[in-house]
Amino acid sequence: MNPEFLRRLKALLSSDAVLTQPVERMVYECDAYTVEKAQPDVVTLPSSTDDVAGIVRLCREYAVPFLARGAGTGLSGGALALGGTVIIAMARMNKVLSVDAANRRARVQAGIVNTHVSRAVEAFGLHFAPDPSSQSASTIGGNIAENAGGPHTLKYGVTSNHILAAEIVTPDGDVIEVGSPVEDAPGLDLLGVIVGSEGTFGIITEATLRLTPIAPAWRTLLATFDTVDDATNTVSGIIAEGILPAALEMMDAVIIQSVEAAFHLGFPLDAAAVLLVELDGHAAGLDADAARCLAVCEAHHARKVDMARTEEERAALWKARKKGVGTLGRISRSMVTQDCVIPRSKLPVVLASISEIVARHGLRVANIFHAGDGNLHPIVLFDERIPDEVERMVAAGHEIISLCLGVGGSITGEHGVGVEKQDFLALQFSEADLDTMRRLHDALDPDDFCNPGKVFPGAKGCSRGCTHEIKLRQKAAAV
Amino acid sequence: MTDIASALRLKLGALNVIDGKKTPFGARAAAFPANEAEAAECVAQAASVGAPVICAGGGSYVDALAPVRPDALLLSSARMAAIVEYHPEDMVITAEAGLPLAMLQDALRRKGQFLPVNPPEPQAATLGGIVASASTGTWRSAYGPVKDHVIEVQGVDAQSRVIRGGARVVKNVAGYDLPKLYTGSRGSLLFLTLLTFKVRPLPEAAAWLLFTAPTWRALHERLAVLAASDVRPNIIEVTRPDLTDTQERPSALITLEGSAESVQWQVTAASNALRGDGSVVGRVDDYASMPRSGDVEFTMRVLPTETYEMAEAVCQVLERGGVTYLPMEGRLTARLMAHPNTPELIALLRDAAEARGGTLTMERMPNAWSGHVSPFGAPRPDAALTRLVKARLDPHNTFSAQMPGW
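First to last, the sequence lines map onto chains H and C.
Just so we're aligned: the first sequence equals residues 1 to 479 in my numbering.
Just so we're aligned: the second sequence equals residues 1 to 406 in my numbering.
Please note: incorrect hints may appear among the correct ones.
What the hints assert, rightly or not - Selected chain C positions facing chain H (Cβ under 7 Å, derived; list incomplete):
(1) Arg161
(2) Val169
(3) Leu388
(4) Arg392
Unchecked claim - From the derived model, a few chain C residues whose C-beta atoms are all more than 12 Å from chain H:
(5) Ala102
(6) Ala124
(7) Gln154
(8) Leu190
(9) Leu210
(10) Leu385
Derived by calculation from the structure, the hints in this document are not laboratory data.
Glycine is no exception: its CB is placed at the ideal position from the N, C-alpha and C atoms.
Can you make the complete structure from the sequences, with help from the hints?
This is the structure in C-alpha cells:
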C-alpha cells in the first residue's frame with residue numbers, strides 16, 4: 001500500500017480509525033460467507049459523512065478501490081475485500097438522527113443496527129418492519145445494500161419497501177440525497193435500484209426509513225408434522241385459503257433437533273417439520289383467522305398445533321427461528337446457507353429433490369426458511385478441513401441453484417449475489433439483461449471503484465476486478 | 001418516416017400501421033405490434049432514422065404533457081393484451097402490457113385475488129401505462145405503491161433488444177432491481193411488453209363510511225381523532241368536487257377492509273371516533289371520488305401531516321375545480337378547467353409544496369402550456385445521476401419524446 005496514501009488517510013481520520021495491522025484486518029477478511037477470504041489492505045472507521053466522502057476522494061486520487069461494510073453478516077461474500085480494497089466500516093455511524101412519529105419516518109445513520117431502530121421508536125408504537133434473522137447485528141446500511149428480507153416480509157415487504165431516501169457518497173466522493181421523505185417524486189426511481197445493489201453504486205451514509213405501526217394483536221401457532229410434504233402442502237393450503245399471515249416459516253427435523261438441544265423449548269424430536277405461523281392485526285377477527293389456519297393444518301395431517309399464550313412463549317418460538325441456524329454449529333463444523341426462491345407451489349417437489357441432491361453428495365442438509373415466500377435456505381453441512389467435502393458442498397449447491405431456476409425461481413431472495421453467485425446470474429438472465437445492468441452500473445460507477453468484483457459474472461477474477469491493481473501499479477510507478 | 005411505415009407494414013401487416021392524416025395525436029406514424037419481436041422491429045426502424053418513439057398504452061395520456069412530435073413513431077401495446085401465466089396458488093400473474101387493468105382484475109377476482117392498484121378508468125388504463133406512470137390510485141395508502149407489486153418487467157429497450165428484469169417469484173434480489181427503474185420511468189427507457197405482479201387475497205369484507213362535518217376544520221379535526229384511534233382505515237379520501245359549490249357539505253370517505261369480524265369492529269370504533277361535530281352518513285356502496293372533468297390535472301405530494309394545510313392552500317388559490325386528497329398519504333389531486341391565470345396559480349402552489357419538501361406534478365395540461373409550465377417542477381438533487389442513467393441506457397434519446405425537461 002502506498003505509504004503516502006496511508007499517511008493522508010491517517011491525517012484525515014482519528015488515529016484509531018485506520019487499521020493497518022494484520023491482526024486488526026483479519027476480522028474483516030470475510031463476512032458470514034466464510035468459504036472465501038481476502039484481507040483488506042486497510043480498514044477505516046469513519047464517524048461522519050464527511051469522513052466517508054474524504055476517504056472516497058482519497059481512494060480515487062490514489063486509484064484504490066473501496067467498499068462499505070456494515071456488520072459483516074452478509075451471506076454471499078458481498079463484503080469481501082478483493083484485490084487490495086479499502087474497507088470503509090460503518091460501525092461508528094450508528095445514530096438515530098431524528099424521528100417523525102406523526103409521519104412515521106426516521107432518519108438514521110447507515111451503521112445503526114436494525115433492532116436498535118425499532119427499539120428507538122417503540123415508544124411511539126412503531127417499528128422498522130424488515131427483520132432479517134441477523135437483525136440483532138446487521139446494520140441498516142447492510143440491509144439496504146442487500147435489500148434484506150426476513151420472516152415478516154410475507155406481509156410487510158422487504159427493505160426496499162421501507163426506505164424513502166438515502167444520503168449516498170458517490171464513487172467520485174460527492175454527497176447526494178436520493179429519494180425524499182415525501183414520496184413519489186417524479187423521475188427515475190434511483191433509490192429503488194440503489195437498494196439491493198450490493199454497495200456497487202456508492203456508499204450509503206444515512207437513510208430515511210418508513211416506520212410501521214406495531215400490530216395491536218397477534219396469534220402465533222406452531223404446527224408439528226410427521227412428513228415434510230404435509231408441512232409444505234399446508235403452506236400452499238393457508239395461502240389458498242386467502243389468509244396472508246405476517247410470517248409463515250418452516251423448520252425441518254435437523255433444525256428441530258439442533259434447536260431443541262440448544263434451547264430446550266420442548267420441540268418434538270421425532271417430528272419431520274414444524275411450521276411457525278404468525279397472524280397479526282386487530283384482535284377482532286384474529287381468532288377466526290387462527291381457527292382457519294388450524295383447520296388447514298389439520299386437513300394436512302398436523303400431529304398437533306400449539307398456540308403461544310404469552311409474549312414469552314411467542315418470543316421463545318421466534319428465538320428458535322431466528323437463532324436456529326446458529327445452533328447448527330453444535331452438530332457441524334462448517335455450513336453454507338443457500339438462498340433460492342421458488343414458486344410456493346413447488347415447495348414439496350423441490351424440498352424432496354434437495355434432500356436427494358445433498359444425500360447423493362454424501363452430505364447433510366438442514367432447512368429453515370421463509371416458506372410463505374418460497375424463499376428456501378437449505379443449509380449444507382460439511383467440514384471445511386476436508387477438501388473433498390468442500391468440493392462436494394459446492395457441487396451440491398450448484399445443483400440446488402439449477403434446480404430452483406428450473407422451476408422458475410431465482411438464485412437469491414435476500415442474501416444477494418456477492419461473490420458466491422456471480423456466475424449463476426448468467427443462468428437467470430440473458431446477455432442483454434446483464435448488459436443493461438452493466439450499463440446501469442457504469443452510469444453510476446464508470447471506473448468500477450465501488451465494491452469491485454461483485455455481482456456480475458466473471459467480475460471477481462477478471463479485468464473489472466483487476467484494473468485497479470494495474471492502475472495502482474501505474475500510479476506507484478509514476479510516483 | 002413514410003418509409004418506416006411501409007417497412008413496418010411488411011412486418012406487422014397493413015392494418016397495424018397507420019400514417020398520414022389518420023395517425024393518432026398527429027404523429028407521423030403509429031404501429032401496433034402483436035408481440036415483442038414486432039415491437040423490437042418497430043424500435044429498430046425508428047432508431048435507424050433517429051425518429052423518437054412514443055410508448056402508448058391506452059393512449060389517454062399520450063399528449064397530456066406535451067404535443068406529440070410530428071416526426072415521432074407512436075408505438076402502442078394495444079394488441080399485446082393477453083394473460084400469459086397465472087398461478088393463483090403462488091399469487092403471481094404475468095400479463096402483456098396492453099391488457100386493461102379491469103380485465104386483469106376480473107381474472108383475479110374469479111380466484112379470490114386482486115392487484116391492489118386502482119387508478120382512474122380501469123377499463124381503459126393498461127398495465128403498461130399504469131406501471132410506466134406509477135399510477136397506484138387510492139389503494140396506495142393501504143397496500144403501497146405499484147412498484148411494490150411489480151416483480152418482473154420485460155420490454156424492448158433503445159437498442160431494440162428484448163430485456164427482462166426481476167423474476168416471477170415474490171422475493172428476488174438477483175442482479176439490479178430493474179423493475180424499480182422502469183416503474184414510473186414514463187416510457188423514457190423501455191417499451192413495456194410483459195409484466196408480472198404479485199397479487200393479494202381479496203379482503204373477506206369491506207365497508208365504506210361517509211363522514212360529513214359542518215366545516216372543513218371540523219372534518220379535519222375528527223379525522224385526526226380517527227387517526228389516533230386503533231382503527232386502521234385502508235383509505236381516507238376527502239373530496240371537494242367543485243370549489244365553487246359552497247353548499248356542499250365537507251365529507252370524507254373511509255374505507256375499512258379485512259376479515260368480517262375486524263371490519264365490523266372497525267365500523268363501530270370508527271363511528272365512535274368520529275362522533276362529535278359531524279355525523280357518519282352510513283355505509284355507502286359507491287362513491288364518485290374524482291372531481292368533475294377538466295383539462296388541467298395535477299398531483300401534489302407533501303408529508304401526510306401537511307395534507308390539510310396544503311388542501312387549504314389549494315382551495316384558497318384555485319377559484320374553481322375540484323380537489324381530492326388522501327391525508328394518510330400526503331397526496332392531493334386537483335382537476336379544473338384552464339383559465340389564463342391558471343399557470344400562475346399552479347406556480348404558487350408548486351412553490352408552497354416545494355417549500356415543504358414536496359412536489360407538484362402536472363398530470364395533464366393544455367398543449368399550449370408546453371414549454372411554459374414545467375410538468376415536474378424543480379430538479380431533484382439526484383437529477384444529474386438520473387441523466388447519467390438515461391444517457392447510458394438510451395444514448396440516442398430514442399424514448400424521450402414525451403418527457404419534457406428530462
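Going back to the hint list, which numbers does this structure go against? The structure breaks hints 7, 8 and 10; every other hint is satisfied.
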